[in-house]
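Peer 1: Sequence:
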Amino acid sequence: MQTFLITIFTFLSIASFWFFLRGKLKFSPLWIMLSAWFLAIAISQLYLSRLEVVWPTKYWVLVFISLASFALGVWAFSHPRLDLWSKKWIPAFAGMGVKAGMGVKAGMGEEKGSMIKKLRLVIYFLFLASLVGLYMFYTRAGNFPLLTQNPDEFRFIADEQVPGLINYAAQLARIFIPLSFFLIFFQGFSWRKHWDISLIGLVGLTGLILFASRTQIFLIDLWVMALYLFIRKPSFRQAVKFYPIFLLVSILVLAIVPLFRQYKSYGADYLGVITGIDTSHYNAVQKALVPIYVGVSFNQQALLHSWQYYQTHPLQYGKVTLDPFTNILGLDQFKSQYDLGAIFYPWWNTGTYLFPFVQDFGESAFYFTPFVIAGILTLAWKYSQANPNFLSINLYAYAMFFIVMTVYLSFTVRAEMYIDLFLLGLSYVYISKINYAQS
5 MQTFLITIFT
15 FLSIASFWFF
25 LRGKLKFSPL
35 WIMLSAWFLA
45 IAISQLYLSR
55 LEVVWPTKYW
65 VLVFISLASF
75 ALGVWAFSHP
85 RLDLWSKKWI
95 PAFAGMGVKA
105 GMGVKAGMGE
115 EKGSMIKKLR
125 LVIYFLFLAS
135 LVGLYMFYTR
145 AGNFPLLTQN
155 PDEFRFIADE
165 QVPGLINYAA
175 QLARIFIPLS
185 FFLIFFQGFS
195 WRKHWDISLI
205 GLVGLTGLIL
215 FASRTQIFLI
225 DLWVMALYLF
235 IRKPSFRQAV
245 KFYPIFLLVS
255 ILVLAIVPLF
265 RQYKSYGADY
275 LGVITGIDTS
285 HYNAVQKALV
295 PIYVGVSFNQ
305 QALLHSWQYY
315 QTHPLQYGKV
325 TLDPFTNILG
335 LDQFKSQYDL
345 GAIFYPWWNT
355 GTYLFPFVQD
365 FGESAFYFTP
375 FVIAGILTLA
385 WKYSQANPNF
395 LSINLYAYAM
405 FFIVMTVYLS
415 FTVRAEMYID
425 LFLLGLSYVY
435 ISKINYAQS
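Position in the sequence shown (from 1) plus 4 gives the number in my numbering.
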């Protein structure tokens, strides 16, 4: 039975991703969500750890209810009779992108040149702000996580020593690298023309690597480039010049850095020991895949434990969801209060995108949360379809990143997600400002 479940859900994951690329609802958030969750379900059925609890029937039902709720949300916000957003608001908003010279029907001449200059200014400003952030982080923390003996321990210490805004500013590469990509390919990539932007991207990437545990943010850049490739279709010459190098760097960042961080922090087999996975007979490749397995399966376990825990304990009633804002505003009296160790294992602090909503609303979160989130993501998808400009592509790339990471953690409780979206919107308004006055 176990082998059958792993096989069938792996096949469903591959089929869903094929529909994402080729299906009727091309690039729909529905297919990428199903692909990510079907794969997570398949991985979770391995039960490699003695600490893992076999999924009870009720949990299986709730997982499928959540996926059905998400599918219903995508359908509702895509349906011609219910799709009021794309009928009324998106065309008007997308028109700004066309006027700003960032859409498919981009403006020409003076207006286009002004847009490019403004986008360059935004990239330079964010780059300089990140350098200041990196310097201030180093002076307060005394080092960067990757360069210490124990990167994971150091990053928690640094979080206490360094204010959140400085911490965030030091990682602004998460914003200016995608913007740099769009500018590069919008103009037609050339090493001579874009040497400065390329250099900025490399410095920004180095900054992200220094934080070790934050390299997953680079997945956003991967989605930006993938969506640009599919939507804007750069020339073959441009693609050959840039994509091989980009993919090589991506593989190195996303694969080697986390393994290096884990080895420095915990040693060769710490994760196997603490999770109760016997890795003594594993080869090097299997051991390298253990962190991926643990990340996926144990987050499903965390969600399972959370659902069971809040059947008999008081709910948070929205406090967990609002934590990013109460933290930013310093409203300590409204912050959530819970014992994470009582919910799950003390050393585990994530649990899929549903985890905080289950803490807030219990079992009902499986029913309504996916529908609401599907609506928001579908609006982003519709916007990217209506007018593929730098804002729409970046927003939808961020949405795709969020969807893929739903099997691992919830960005809804992270303040940086809201700041990222604010900066993307603000930069778009700045670049388009000249056209508002003319329209």
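To be clear, the hints were calculated from the coordinates, so they are not data collected in a lab.
It is possible that part of the hints are untrue.
[Stated by the list, open to error] Simulated pairs of lysine-lysine, DSSO-like, Cα-Cα distance not exceeding 27 Å:
1. LYS197 <-> LYS122
2. LYS197 <-> LYS121
3. LYS339 <-> LYS323
4. LYS291 <-> LYS323
[What the hints assert, rightly or not] Simulated restraints on C-beta separations:
5. ALA419 <-> TRP79: 29 to 37 Å
6. ALA419 <-> LEU9: 36 to 44 Å
7. PRO60 <-> HIS285: 25 to 33 Å
What you are looking at is a predicted structure, and each value in this text was computed from that prediction instead of being measured.
We put the CB at the ideal spot given by N, CA and C, even for glycine.
Peer 1: Each of the hints needs a verdict: does it hold here or not?
Peer 2: Against the structure, the hints come out as follows:
no.: 1; hint: LYS197 <-> LYS122; in the structure: holds, 16 Å
no.: 2; hint: LYS197 <-> LYS121; in the structure: holds, 13 Å
no.: 3; hint: LYS339 <-> LYS323; in the structure: holds, 6 Å
no.: 4; hint: LYS291 <-> LYS323; in the structure: violated, 38 Å
no.: 5; hint: ALA419 <-> TRP79: 29 to 37 Å; in the structure: holds, 31 Å
no.: 6; hint: ALA419 <-> LEU9: 36 to 44 Å; in the structure: holds, 37 Å
no.: 7; hint: PRO60 <-> HIS285: 25 to 33 Å; in the structure: holds, 30 Å
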